[in-house]
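Please model the entire structure based on the sequences and the hints provided.
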Amino acid sequence: MASQDPTVSAAQPPIVASPRDDRPWWRRALPLLFAVALVGLLLVRLDLHAFVQHVRSVSVPGFAAFCAVFTVALVAADALATSFVYQRTVCPITFREFFLIRGASYLPSLLSHHVGQAWLTWYLSRRYQAPLWRVAGSTLINYATTFASLFLFGTVSLLFEHNAAPWLTPVLAVVAVAGLAYLLALRIAPPSLARRQLLAPLFDIGIRGHLEAVALRIPHMLVLFAGSWIPFAFFGVHIPPGAAFAYVPVLMVVAALPITPQGVGTRDWFALHCFSQYGPGSPADQQAAVVAATLTFAVGITLVQAVFSLALMPRALRLLHAARTDRSSP
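Residue numbers for the sequence shown follow the numbering used here, so the first one is 1 and each next one is one higher.
In case anyone wonders, no lab produced these hints; they're calculated from the structure. Some hints could be false.
To be verified - Label-pair ranges, simulated between beta-carbon atoms: (1) 206 to 281: 49 to 57 Å; (2) 156 to 191: 36 to 44 Å; (3) 322 to 206: 32 to 40 Å; (4) 206 to 167: 42 to 50 Å; (5) 48 to 222: 22 to 30 Å.
No experiment lies behind these values; they were computed from the predicted model shown. In this text, a Cβ means the ideal position worked out from N, Cα and C, and glycines have one as well.
Given below as structure tokens:
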């Protein structure tokens with residue numbers, strides 16, 4: 001993505017080139033190769049017969065319907081939360097328009113969640129002639145509200161099962177301290193930070209705006225939480241609420257890390273170690289059920305989101321082209 005001076009005035013937004021990846025091919029291929037290696041190592045240690053049996057036992061129409069409903073609900077909940085942030089800090093985008101753009105961004109998101117976010121940032125910058133650094137700053141608010149929601153999920157888990165994850169309490173304590181420092185910085189608004197275009201949206205929306213954004217982000221995270229938890233039940237892996245609130249938020253973070261495409265491999269290993277005990281049968285059966293759940297869901301959601309994004313992408317690009325044409329007209 002083209003770099004811009006973060007101190008450029010918002011009155012004269014820079015022209016932003018199309019996003020491009022200048023890395024050599026072998027670096028772009030590394031996440032995919034790493035995912036293949038992790039999945040390969042995973043399958044080597046599994047009882048493949050049990051794995052195949054668990055995959056075959058699932059109703060394809062029912063599982064496909066779940067993936068489709070989850071995708072639409074996820075885009076809608078994300079659009080509700082994210083359009084609010086961009087409306088307050090960047091542009092007068094509507095829920096309906098952002099639903100279209102967010103759905104279209106799922107295609108680049110198949111490479112990585114952050115690639116999809118970069119495409120979305122570029123698109124809004126071009127669509128509304130907004131400075132790229134300011135749009136990127138607004139995107140930081142979305143990340144902040146997402147982590148705040150995960151913090152709340154982790155806190156709730158302590159009410160269900162205090163010993164579900166011994167490491168959770170100290171981690172939440174560190175996050176709480178970091179969150180308080182973040183809010184204090186927003187309250188003080190040091191000029192050296194507030195004047196920078198990348199960080200200006202954070203201070204413009206303020207503490208109250210952040211709290212409103214978190215309130216709107218929670219439905220999105222609830223949908224994502226349910227979509228990360230429910231698929232296990234299709235394979236007989238019944239994770240109790242206390243363990244789900246303790247581990248599923250971490251699973252969501254692991255899946256979003258830019259290590260492998262869509263978290264394939266990393267998510268599976270994490271789920272294997274945290275959820276196998278809740279599967280059916282022998283330990284080998286339990287492991288096979290968990291991996292069958294994560295890999296089948298990865299395949300199912302990738303196919304559904306690819307079709308969904310391909311259906312919306314042409315319309316999103318036409319909208320962008322129409323906006324450029326309108327600006328060039330006398």
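Structure-based check of all given hints:
1. 206 to 281: 49 to 57 Å: holds (53 Å)
2. 156 to 191: 36 to 44 Å: holds (38 Å)
3. 322 to 206: 32 to 40 Å: Holds, at about 34 Å.
4. 206 to 167: 42 to 50 Å: At roughly 33 Å between Cβ atoms, residue 167 and residue 206 fall outside 42 to 50 Å, so the hint is violated.
5. 48 to 222: 22 to 30 Å: Since residue 48 and residue 222 have Cβ atoms about 35 Å apart, the given range 22 to 30 Å is violated.
Hints 4, 5, counting from the list given before, are not met by this structure.
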